[in-house]
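Chains W and G, in that order, are what the protein sequence lines are.
In terms of the numbering used here, the first sequence opens at residue 135 and continues consecutively.
In terms of the numbering used here, the second sequence opens at residue 557 and continues consecutively.
No lab work stands behind these hints: they were computed from the structure.
Just so you know, even glycine gets a beta-carbon here, dropped at the ideal spot from N, CA and C.
One or more hints might be untrue.
[What the hints assert, rightly or not] A few chain G residues facing chain W, derived, Cβ under 10 Å:
#	residue
1	V627
2	L632
3	A761
4	C785
[As the list claims (entries may be wrong)] Coverage of chain G stretches by chain W, computed from C-beta distances (three or more under 8 Å per stretch; other residues unrestricted):
#	stretch
5	635 to 641
6	765 to 772
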Amino acid sequence: MTSRVRAFAAFLWDFVVGDDWRTAVGVAVALGVTAVAAGSGATAWWIVPVCAVGLLAASLWRAARG
Amino acid sequence: MSGPEVGLALSVFAACAVEAVEALTIVLAVGATRSWRSALTGVGAALVVLAVITAALGPAVTALPLNVLRVVVGGLLLVFGLQWLRKAILRASGLKALHDEAAAFASEQEAARGAGGVSAGLDAYSFTVAFKGVLLEGLEVVFIVLTFGANQHNVGLAAAAAAVAVLAVALAGVVAHAPLSRVPENTLKFGVGVMLTSFGIFWGAEGAGAHWPGGDAALLAIIPATLACALGMVAALRRGGARGARGGGARETVRA
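Modelling step: build the complete structure from the supplied sequences, incorporating the hints.
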């Protein structure tokens, strides 16, 4: 039973997060920063797109370096 | 149909068509090599499981408050979209092998032949491989339908686009009776990665409390900007690859 739960958790992780967990963590941080900035009344729409481009570039750089 | 609804329908259709092509290859390989009846029974069982998952998760997801839904689902969609786009960019730049349905079909057939004799009744190998293939590819379809549909408050449209894609691929498979290797799968995957990432950026930021200049019309800027960035990254990686080749350095191919 425990091994099945573990296998399902591993499947879910691989399904959503995939090859690079740092991208998932980066997206969570970007959304958190956006929420804090928007909550304080600052213009926050640009944070997620800028972070998405940066995270993708960093992930590709890591993959290209092998 | 509004602009975001057209985007929703096209994105879901393309994503589902790609997943359906991959599932079709697996089913065709085990069906033609071992047992059609067992493979199709596996397909039916997987479709029932997918319907149960959709019926269970659909109302739960759509019942969430809009901002919670958008930040959670937008975030998931962005992570998922960046994953698709990363693979698509690596394929387009030559750092990862292109997905080849003909090669996947041959590999599945070889595995099916090597799996021992075919059982007289229900062939367990054919059933299991077809079931797993359709279930795994189908889960991606369910994820995309629910995230796109719930965020747009139009699960029906997303489900209809998915159903049309799956039916079109199934029909093409029946007619061709071969893997659909002519479908420009890698290009479609690139496009889907751009759309998933763009919608993930839009909904994630909005759910976190940001206000987009121009409201929904901001998507008309986000999608081409994401596409331009992705194409720029492909060009940069290709240039890097060419420089590496000129310098005599061997580049390790990223595994699929």
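Do the hints match the structure? See the list:
1. V627: Nearest chain W Cβ about 6 Å off; hint holds.
2. L632: holds, 6 Å
3. A761: holds, 4 Å
4. C785: Cβ of C785 of chain G sits 5 Å from chain W, so the hint holds.
5. 635 to 641: holds (count 5)
6. 765 to 772: holds (count 5)
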